[in-house]
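Student: For the protein sequence lines, the chains are A and B, in the order given. Heads up: the first sequence runs through residues 7 to 427, numbered per our numbering. Heads up: the second sequence runs through residues 350 to 745, numbered per our numbering.
Don't take each hint at face value.
[Unchecked claim] Covered by chain B, per the in silico footprint, the following chain A stretches (three or more residues, Cβ under 8 Å): (1) 45-59; (2) 167-176; (3) 278-288.
Just so you know, the hints here were simulated from the structure itself, not pulled from any lab data. Since this is a predicted model, take the numbers as computed values, not measurements. Backbone N, C-alpha and C fix where the C-beta goes; we use that ideal spot for every residue, glycine too.
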Amino acid sequence: MSAGVFITGLGMVTSLGADVETCWRRALAGESGLSPITSFDAKALPVAGAGEVSEETLRAIRERLPEEYAGEGERRVLFALDAAQNAMTDAGMRPGDYTSERAGVVMGTGLSSYRLEDFAAWADPENGFDAARFARELEMTQASGYFNNPPERATSLMAEWFELAGPTGTITSACAAAGQAIGLGMRMIRRGEADVVLCGGADSMIHPVGMAIFLLLGAASKSKDPICRPFDRRRSGLAVGEGAGVVVLESQDHARARGAAPYAALSGYSASMDAHQVTAPHPAGRGAVRSMSGAMEDAGLAPDDVAYVNAHGTGTKLNDPVETRAIREVFGARADSLAVSSSKSMIGHLIAACGAPEFIFTALSVARDIVHPTTCLENPDPKCDLDYVAGGAREMPVPAAITNSFGFGGQNATLLVRKAA
Amino acid sequence: MNFSPIPITGVGLVTAAGRGVEPAWKALCAGRSLLALDADPELSGFPPIETARCARIDPKSIGADRRAARIMGHHTHMLLAAIHDVAAEAPAAPAVEEEEIAFFAGMDSVDPGKDDLVGAVRESDGRVDLGHFFSEGMDAIPPLWPLGLLNAIGFSQAAIQQGWRGENAVFSAGPEATARAVCEAADSVGAGKAKHALCAGVSGVISARMLARAQRGGIWPRAGGLGEGAGVIRFEEPGDAGPSDVLGWLKGHCSVRALEKRGGLARAVQESARGALTSAGLEPDDVDLLVIHGEGEPGADGAEAEAVSAVFGDHKPWGLATKGVFGHLWGGSPALDLIMAMKALAEGAPPAPPAAAGGLFRDAAGGSGRDEPENALVLLQGFDGVCSGLVVGKQA
Numbered sequence: 007m008s009a010g011v012f013i014t015g016l017g018m019v020t021s022l023g024a025d026v027e028t029c030w031r032r033a034l035a036g037e038s039g040l041s042p043i044t045s046f047d048a049k050a051l052p053v054a055g056a057g058e059v060s061e062e063t064l065r066a067i068r069e070r071l072p073e074e075y076a077g078e079g080e081r082r083v084l085f086a087l088d089a090a091q092n093a094m095t096d097a098g099m100r101p102g103d104y105t106s107e108r109a110g111v112v113m114g115t116g117l118s119s120y121r122l123e124d125f126a127a128w129a130d131p132e133n134g135f136d137a138a139r140f141a142r143e144l145e146m147t148q149a150s151g152y153f154n155n156p157p158e159r160a161t162s163l164m165a166e167w168f169e170l171a172g173p174t175g176t177i178t179s180a181c182a183a184a185g186q187a188i189g190l191g192m193r194m195i196r197r198g199e200a201d202v203v204l205c206g207g208a209d210s211m212i213h214p215v216g217m218a219i220f221l222l223l224g225a226a227s228k229s230k231d232p233i234c235r236p237f238d239r240r241r242s243g244l245a246v247g248e249g250a251g252v253v254v255l256e257s258q259d260h261a262r263a264r265g266a267a268p269y270a271a272l273s274g275y276s277a278s279m280d281a282h283q284v285t286a287p288h289p290a291g292r293g294a295v296r297s298m299s300g301a302m303e304d305a306g307l308a309p310d311d312v313a314y315v316n317a318h319g320t321g322t323k324l325n326d327p328v329e330t331r332a333i334r335e336v337f338g339a340r341a342d343s344l345a346v347s348s349s350k351s352m353i354g355h356l357i358a359a360c361g362a363p364e365f366i367f368t369a370l371s372v373a374r375d376i377v378h379p380t381t382c383l384e385n386p387d388p389k390c391d392l393d394y395v396a397g398g399a400r401e402m403p404v405p406a407a408i409t410n411s412f413g414f415g416g417q418n419a420t421l422l423v424r425k426a427a
Numbered sequence: 350m351n352f353s354p355i356p357i358t359g360v361g362l363v364t365a366a367g368r369g370v371e372p373a374w375k376a377l378c379a380g381r382s383l384l385a386l387d388a389d390p391e392l393s394g395f396p397p398i399e400t401a402r403c404a405r406i407d408p409k410s411i412g413a414d415r416r417a418a419r420i421m422g423h424h425t426h427m428l429l430a431a432i433h434d435v436a437a438e439a440p441a442a443p444a445v446e447e448e449e450i451a452f453f454a455g456m457d458s459v460d461p462g463k464d465d466l467v468g469a470v471r472e473s474d475g476r477v478d479l480g481h482f483f484s485e486g487m488d489a490i491p492p493l494w495p496l497g498l499l500n501a502i503g504f505s506q507a508a509i510q511q512g513w514r515g516e517n518a519v520f521s522a523g524p525e526a527t528a529r530a531v532c533e534a535a536d537s538v539g540a541g542k543a544k545h546a547l548c549a550g551v552s553g554v555i556s557a558r559m560l561a562r563a564q565r566g567g568i569w570p571r572a573g574g575l576g577e578g579a580g581v582i583r584f585e586e587p588g589d590a591g592p593s594d595v596l597g598w599l600k601g602h603c604s605v606r607a608l609e610k611r612g613g614l615a616r617a618v619q620e621s622a623r624g625a626l627t628s629a630g631l632e633p634d635d636v637d638l639l640v641i642h643g644e645g646e647p648g649a650d651g652a653e654a655e656a657v658s659a660v661f662g663d664h665k666p667w668g669l670a671t672k673g674v675f676g677h678l679w680g681g682s683p684a685l686d687l688i689m690a691m692k693a694l695a696e697g698a699p700p701a702p703p704a705a706a707g708g709l710f711r712d713a714a715g716g717s718g719r720d721e722p723e724n725a726l727v728l729l730q731g732f733d734g735v736c737s738g739l740v741v742g743k744q745a
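Bound-form chain A, shown alone (with noise of 0.2 Å):
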């Protein structure tokens, strides 16, 4: 058996809150984060809301960010950071505590924030776009646009905060992508490239481009209210959640010679592709089986020690009957006994970022021995027909859980969290 990495520190932002207990607290009590969007005039938009952090809680954020750090143009930045600056201070670290090689930054990111303004501003009704005059106008690109926000910023400005020198990565594998940030700090750690990685993802889509890109696609819902219902026989999509989850990953050894607390122990990963289509999960879900078992193997654990499956659960009409029937061709007879539900219902789809807040509710669930609900889940597809702790927050052993996170694209990840020894 894999003992694993220790988990001691968590942070993040989510349409919950931006400290991990309220967003833990409210995840449990079953409450949404989701509502009518306010950071732009959403009116036409024909989707009713999303996850979307408070402009009360981006302020606070702003405010409680380094002056160097608080003018950030783009959210998913300004997330990474606060969450980031929660989980070195929850590790009881402080910036330039561990200024050293042996100290990295993975981070996974999703698609650039192109802003319509980028377009219209040097859209030419006759001819286009006007290229030449844009080259000499830079400047008025939008300081929350792709322009000015490589995806490698947040990986960049987290290291140069908290003065880590040591192996880095921005993943950007889609819905899979904070996952894999994760599971490849956990491998730096394994392979002595380095003790201790602050590593999550961070992304927002909750922009006029980005959403329409979701509408675009067929992938979001359009359902009157604002909700998800992951695993309900009317779930219509998925809601378009923002955010950020960053960890502090160490090894045990430098751990315990600090004299720090693990929440938890990551103890597999797994990757997969499901070399299918860009735009449809494979139909028996053979990548997402593989990254299930693969993280099993990893972690040398049985279907049996787990008892926990923090599902993907988008609440689109593909993938929640794929990735259930995923869970029983790896669990078999166990897939029975086990819980399993969705973060999303509650904060959305946070796309890039998604397996970030998913991965820390999965340690807490571990370390506290409590899981929170699927909300909105009132009427069970047939064809889900796992138990999704619908109607509250379930006490119950969780010596081990899984976290899943598929991508548009087939690219999948699983993380295995057990108890620390």
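Got chain A; can you put chain B on it based on the hints?
Tutor: Okay, now just chain B, sitting in the frame of chain A:
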């Protein structure tokens, strides 16, 4: 960190010199720069720039069916072409299960076309009218447009085409992304997670929007030109690869981020070089060939020269630099440099050292070390100061 050498059994390369390793090697040996002043009218508002672009690739030549090709751009075409050539020139053992083939890539961002979304905001007269956008403008956007913007989708298309179902990740962006992809691909084999692992590095596609984000990000304009290209390297389990299949061995790696408090860029280059050699179990004197990052920007080049002097002292390995010939391929550059390093080791006669290297390297009059190069160290500098060293050798 100790690293067990992993055999490299196939490579594929697409550059401005054409498809394959040989055209690129010939251009490098000839010292013939492929960079030329770019006359694309789309770039006319930017400072003059020299580029080395890749010729457009016919999707049919890389096995892309019409449906898949609808969401592929040049970025994905370069990746698929390099993969296609690896498979064609050095077929992998057919007995490997699809789940045991890993795939990692460092990919630069995909930029939207300059006219993308213009149709959706055309009526807005420079202002954004979200009511119009959501009710009518959005209809002007092709439904599959978002897929073409995700570098992970190009990556997935390659996996679908090849039937690769194992470990994976897409890293973005710049040289550090591909350096990390090399490490993770090799580690997936070394840790027994895969029998084969493919690692790709893909540049961006030169356009007004690419230059705009580069300029806003402070990574351009710098001295030197920009290139396009992609490279792919295949690792195999040591037991699977026969001696005749092995093109070279990845022997070590290390990445270090430059921090002012720790001595800045020069120290980070030094630490990445020393760390890579340590992980390979080598001393500086064991390095016969040094592939420098050499991007042509005075600060970066000065830091690299300082680091090379500090690490190697009186030992003068052969030197090699690719950017004067191919331009800076950003995410594609680590793959190009690694493949050229392996080619130089195989040929036993590296091309002439970079002219501006100022006595750092062995020259025709001789120098220290072996007559036949055995080991090469590839130095890379990524965006935001991430420095990497990769060690390849002819023998494990």
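Student: What hint numbers does the structure not satisfy?
Tutor: Of the numbered hints, all hold.
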